[in-house]
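Q: In case you want the letters, here they are:
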Amino acid sequence: NAGVMQNPRHLVRRRGQEARLRCSPMKGHSHVYWYRQLPEEGLKFMVYLQKENIIDESGMPKERFSAEFPKEGPSILRIQQVVRGDSAAYFCASSPPGRRQETQYFGPGTRLLVL
Amino acid sequence: TQLLEQSPQFLSIQEGENLTVYCNSSSVFSSLQWYRQEPGEGPVLLVTVVTGGEVKKLKRLTFQFGDARKDSSLHITAAQPGDTGLYLCAGARYGNKLVFGAGTILRVKS
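Protein chains in written order, with the working numbering: chain A, 64 to 178; chain B, -17 to 92.
Rather than coming from a laboratory, the hints here were simulated on the basis of the structure.
Where is the CB? At the ideal position from N, CA and C, for every residue including glycine.
One or more hints might be untrue.
Unchecked claim - Computed list of lysine-lysine pairs in DSBU-like fashion (alpha-carbon distance at most 30 angstroms, straight line):
no.: 1; chain 1: B; residue 1: K91; chain 2: B; residue 2: K41
no.: 2; chain 1: A; residue 1: K107; chain 2: B; residue 2: K39
no.: 3; chain 1: B; residue 1: K39; chain 2: B; residue 2: K91
no.: 4; chain 1: A; residue 1: K107; chain 2: B; residue 2: K52
no.: 5; chain 1: B; residue 1: K91; chain 2: B; residue 2: K38
no.: 6; chain 1: A; residue 1: K134; chain 2: A; residue 2: K90
no.: 7; chain 1: A; residue 1: K114; chain 2: A; residue 2: K134
no.: 8; chain 1: A; residue 1: K90; chain 2: A; residue 2: K114
no.: 9; chain 1: B; residue 1: K39; chain 2: A; residue 2: K90
no.: 10; chain 1: B; residue 1: K38; chain 2: A; residue 2: K107
no.: 11; chain 1: B; residue 1: K38; chain 2: B; residue 2: K52
no.: 12; chain 1: B; residue 1: K41; chain 2: B; residue 2: K52
no.: 13; chain 1: A; residue 1: K107; chain 2: A; residue 2: K90
no.: 14; chain 1: B; residue 1: K39; chain 2: B; residue 2: K52
no.: 15; chain 1: B; residue 1: K91; chain 2: A; residue 2: K90
no.: 16; chain 1: A; residue 1: K107; chain 2: A; residue 2: K125
no.: 17; chain 1: A; residue 1: K125; chain 2: A; residue 2: K114
no.: 18; chain 1: B; residue 1: K38; chain 2: A; residue 2: K90
What the hints assert, rightly or not - Away from chain B, derived, C-beta distances all over 12 angstroms, residues of chain A:
no.: 19; residue: M109
no.: 20; residue: R127
no.: 21; residue: R174
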């Protein structure tokens, strides 16, 4: 019973490049969330998606960041024209449908380093 | 503004001692989760509490959700070095995004 999978685990990008982070939710889970953990800070919500829909993107920076969860395939968090301040650990979580959807299971994270 | 205040920030104790971590807020949560995070890994779910006054036990760990669903505590009995890690509380407010506390770094010395 595989958990939430994220890849890559580590990503190095130069300023101005694009970063693509992938997340495969647990089997049977239809809700995906992205969180960011900046150095010396706690986890902060970015976006909540269901298949083909963005439900809540209130924590997502307005520019350069986008997320999708297509009908087929993993959820993607895309950061365009990365800057040094984007260096952080990005975590994906998933939850099952129904009343238990508030319980979220996290993946191992992608550590992004922008040079 | 930190919606969830977690305390203490750091805790260093001897093996066999007991400890309590607190998570407090002025806001009501529909549920609250406790996670443990190891360096370089993602948070691992320990428990979800949903009912005011609820108490859940997980071996030597006891979790309590306040009657008003604004606060929670994690109590560890007879701590062991294997309990060392970062403990996080996270609350959901009738929606799906979790609000996290800043975390408690626990170190248990043998």
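Q: Could you run down the list of hints and mark each one as holding or not?
A: Results of checking the hints against the structure:
Proximity of B:K91 to B:K41 is assessed by CA-CA distance (about 20 angstroms); at most 30 angstroms being required, the pair is judged to hold. Between A:K107 and B:K39 the alpha-carbon distance is near 28 angstroms, which keeps this suggested pair within the 30 angstroms criterion. Only pairs whose Cα atoms come within 30 angstroms are accepted, and B:K39 paired with B:K91 is accepted, the gap being roughly 23 angstroms. Simply put, A:K107 and B:K52 have alpha-carbon atoms about 19 angstroms apart, close enough for the 30 angstroms limit, and the pair holds.
Proposed proximity of B:K91 and B:K38 is supported: the alpha carbons are some 26 angstroms apart, at most 30 angstroms. Taking the CA atoms of A:K134 and A:K90, the gap is near 14 angstroms; set against the 30 angstroms cutoff, the hint holds. A distance of roughly 6 angstroms separates the Cα atoms of A:K114 and A:K134; the hinted pair therefore holds under the 30 angstroms criterion. A threshold of 30 angstroms between alpha carbons decides the hint, and for A:K90 with A:K114 the separation of about 13 angstroms falls inside it, so the pair holds.
A C-alpha spacing of about 27 angstroms is found between B:K39 and A:K90, which places the hinted pair at or below 30 angstroms, so the restraint holds. With a C-alpha separation of about 26 angstroms, the suggested pair B:K38 and A:K107 falls inside the 30 angstroms cut-off, and the hint holds. The hinted pair formed by B:K38 and B:K52 meets the criterion: a straight-line CA distance of about 17 angstroms does not exceed 30 angstroms. At roughly 25 angstroms between alpha-carbon atoms, B:K41 and B:K52 fall within 30 angstroms of each other, so this suggested pair holds.
Of the pairs offered as hints, the one joining A:K107 and A:K90 holds, with about 24 angstroms between alpha carbons and a cut-off of 30 angstroms not exceeded. Distance restraint check for B:K39 and B:K52: the Cα-Cα separation of roughly 19 angstroms lies within the 30 angstroms cut-off, and the hinted pair is therefore satisfied. A hinted pair counts as satisfied when its Cα atoms are at most 30 angstroms apart, and B:K91 with A:K90 does not qualify at roughly 38 angstroms. Pair hint A:K107 plus A:K125 holds up; C-alpha atoms about 15 angstroms apart against a cutoff of 30 angstroms.
Between A:K125 and A:K114 the CA atoms are separated by roughly 21 angstroms; this keeps the pair inside 30 angstroms, and the hint holds. Between B:K38 and A:K90 the alpha-carbon distance is near 26 angstroms, which keeps this suggested pair within the 30 angstroms criterion. A:M109, annotated as away from the interface, has a beta carbon of chain B within 12 angstroms; the closest lies near 9 angstroms. With a least beta-carbon separation of about 21 angstroms from chain B, A:R127 lies farther than 12 angstroms from that chain, consistent with its non-interface assignment.
In this structure A:R174 is not separated from chain B by more than 12 angstroms, as the shortest Cβ-Cβ distance comes to only about 8 angstroms.
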